[in-house]
Amino acid sequence: MLNVEALSKSYGQTRALRDVTFQVTAGQVFGFLGPNGAGKTTAMNIIAGLMDFDYGSVTIDGMDLRRNRSGLRGVVGYLPESPTFYGYMTAREYLLFIGDVSGIAPAANRARADELLDTVGLAEAARRRIGGYSRGMKQRLGMAAAIYNRPRLLLLDEPTSALDPEGRLDVITLIARMRDAGMTVFLSTHILADVERVCDSVAIIKDGAVVAADSMTRLRERYIQPVVDVVFDRMLESVPAQITSAVHVDRVTLDGDRMSVFMRDLEPGKRELLHALADLDADVASYSLRQPSLEDIFVRLVNSR
Amino acid sequence: MSTFAAYLKKEHMESSRQSKYLVLGAFFGFFALSTPIMLRLMPSIIESQMPSFPKELMEFDAVYSVQNYIRNIYQLGNMAVAFVLMGVLADERLQGKLVYPVSQGASMAGVVGAKLVHYGVAVSAIVFASTMLNYYYSVVLFPGNNPGIAAAAQSAGLLAAYFATRVVLVAFASAMFTKPLAAGLVALVVSYVEPIFTSLPRWKSFVAYSLIDIAGNSLGTGSGMGMGTGMGTMPGAGVGAGAVGGASAGAMMAVGRTGNEVNGWVLAAALIVEVAVIALVTVWRMKNVEIAPGAGGQ
Numbered sequence: 001m002l003n004v005e006a007l008s009k010s011y012g013q014t015r016a017l018r019d020v021t022f023q024v025t026a027g028q029v030f031g032f033l034g035p036n037g038a039g040k041t042t043a044m045n046i047i048a049g050l051m052d053f054d055y056g057s058v059t060i061d062g063m064d065l066r067r068n069r070s071g072l073r074g075v076v077g078y079l080p081e082s083p084t085f086y087g088y089m090t091a092r093e094y095l096l097f098i099g100d101v102s103g104i105a106p107a108a109n110r111a112r113a114d115e116l117l118d119t120v121g122l123a124e125a126a127r128r129r130i131g132g133y134s135r136g137m138k139q140r141l142g143m144a145a146a147i148y149n150r151p152r153l154l155l156l157d158e159p160t161s162a163l164d165p166e167g168r169l170d171v172i173t174l175i176a177r178m179r180d181a182g183m184t185v186f187l188s189t190h191i192l193a194d195v196e197r198v199c200d201s202v203a204i205i206k207d208g209a210v211v212a213a214d215s216m217t218r219l220r221e222r223y224i225q226p227v228v229d230v231v232f233d234r235m236l237e238s239v240p241a242q243i244t245s246a247v248h249v250d251r252v253t254l255d256g257d258r259m260s261v262f263m264r265d266l267e268p269g270k271r272e273l274l275h276a277l278a279d280l281d282a283d284v285a286s287y288s289l290r291q292p293s294l295e296d297i298f299v300r301l302v303n304s305r
Numbered sequence: 001m002s003t004f005a006a007y008l009k010k011e012h013m014e015s016s017r018q019s020k021y022l023v024l025g026a027f028f029g030f031f032a033l034s035t036p037i038m039l040r041l042m043p044s045i046i047e048s049q050m051p052s053f054p055k056e057l058m059e060f061d062a063v064y065s066v067q068n069y070i071r072n073i074y075q076l077g078n079m080a081v082a083f084v085l086m087g088v089l090a091d092e093r094l095q096g097k098l099v100y101p102v103s104q105g106a107s108m109a110g111v112v113g114a115k116l117v118h119y120g121v122a123v124s125a126i127v128f129a130s131t132m133l134n135y136y137y138s139v140v141l142f143p144g145n146n147p148g149i150a151a152a153a154q155s156a157g158l159l160a161a162y163f164a165t166r167v168v169l170v171a172f173a174s175a176m177f178t179k180p181l182a183a184g185l186v187a188l189v190v191s192y193v194e195p196i197f198t199s200l201p202r203w204k205s206f207v208a209y210s211l212i213d214i215a216g217n218s219l220g221t222g223s224g225m226g227m228g229t230g231m232g233t234m235p236g237a238g239v240g241a242g243a244v245g246g247a248s249a250g251a252m253m254a255v256g257r258t259g260n261e262v263n264g265w266v267l268a269a270a271l272i273v274e275v276a277v278i279a280l281v282t283v284w285r286m287k288n289v290e291i292a293p294g295a296g297g298q
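Those sequence lines, one after another, are chains A and B.
Heads up: the first sequence is residues 1 to 305, going by this note's numbering.
Heads up: the second sequence is residues 1 to 298, going by this note's numbering.
Treat the hints loosely; a few may be bogus.
Just some of the chain B residues that point at chain A, by a computed CB distance under 8 Å [as the list claims (entries may be wrong)]:
{"#": "1", "residue": "A6"}
{"#": "2", "residue": "S34"}
{"#": "3", "residue": "V99"}
{"#": "4", "residue": "S103"}
{"#": "5", "residue": "G105"}
{"#": "6", "residue": "E290"}
Please keep in mind that the hints were generated in silico from the structure rather than gathered at the bench.
All figures in this text were calculated on a predicted structure; none of them were measured in a lab.
Just so you know, even glycine gets a beta-carbon here, dropped at the ideal spot from N, CA and C.
Could you put together the complete structure from these sequences and hints?
What follows is the structure, encoded as structure tokens:
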């Protein structure tokens, strides 16, 4: 659906994107992660056709972005991080305006506007001027505008950042529904729990370069460092030397009676750890393998290079 | 075409709700009404201040009154149009308001075209109506030497056409500059410098300011006091009520030397070409400028 190859963009001397490459399969929710200033919004603006780039290529649904801007009409929907509207319009008027721009027939346009206002929970505020909306309401309206003409590729830049927990859940549910309806969603967010909940694949970007891009399953297999948590029946003063010196142990942290052992290689590491624990003069109260999270991958990748 | 129609509707809604029609209408209407009233009161004011001032210099007529309005509105109307419309394109891209329409496939030619047509028609209609209002009050307050409604309508039409070209100029500046104020000031400077070219015989048939010159001259010869910035081909037109003078006084004097030898057909053709070229460059600029929020100018 979306193929980005060696995409590069500079602002003066600053290189915002450096040979960014990734692929998004049709019908997926693709998470785009990175710390502030990593280049996420620049990449999204380029893919949305709002910004030019220095070199590389972007192909959407088989069409080159540079050569087919008009051909991509209706293919891409975009929700920017801080959507801006005409504050003197009501939400319904704005959506009708977007429908007019897209060339939707008047009757279908009115039906679509009402349907989407209901979907994003703005039906009651539909006839109020947007200038008086909260940030969360504007985000919901932005979502409605982005999916108005049923795009095949939907770009969402931090769609849940201004929402309360209930609103976040609504948006995540909506994203899942859009995927089920066959839409491809490209989701940039800082909220890793949202990515874990809904994304099929992920790219992590740092300093304008992609440091990892793969399916969630393969990322977990490749990048998540296994951690074994051991709880003793008494406080330890220091980490036992037998454990720190184990070949497959990367590092160890100690917090009172709880010890976390970060493994380089899980299978031989577990055996090695069990032997080391058996030799200790301390009884083990519990031993558990921690369920790794996307946050662990993100922190590890962003901090390690 | 869907973009053009959608933006035409949107611009009308914006102008109504943000009181742009009201501001422009009140501005031009105020001067249309106040110019003949001030002119009517001026003899009494001057007589009370300077009893020995010759009365024959204070005998104004309707022609002079309308000519006076045309001169004033050239100076002040340019300011109103520049400052009301300076953000017409700059604000749209600076605030990221084009993001949704463009990502939904809006054509930039449609966006720019709708804005030019909407504001061109709106400003022209307001200018035409206010000039006719001024004519009506001038005739009511100064009986005798009536230029006639046909001549007044012709002048009003020329004035309206002049301000339509200013709308295109302001929109062009608004596309070129990221800051709306810079766009407004540049458009204003161009409008105030332009009359200098009418003093060059080879240029005067190519400059929009010639429309102002013809609009004044086509009313005939008015009577009134000629003080300082009189227009050569509009005898008697002087510093009347509310005249700003100042910045464009030199330009006005330059016009005074041009006479009325502008070839109307050449001028019309030249202005159509100029407006078309400026509009196309504006569209080209908007197509190539980055419109993402915070992208700023190139």
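We went through each hint and held it up to the structure:
{"no.": "1", "hint": "A6", "result": "holds (4 Å)"}
{"no.": "2", "hint": "S34", "result": "violated (31 Å)"}
{"no.": "3", "hint": "V99", "result": "holds (6 Å)"}
{"no.": "4", "hint": "S103", "result": "holds (4 Å)"}
{"no.": "5", "hint": "G105", "result": "holds (3 Å)"}
{"no.": "6", "hint": "E290", "result": "holds (5 Å)"}
Of the numbered hints listed earlier, the single one contradicted by the structure is hint 2.
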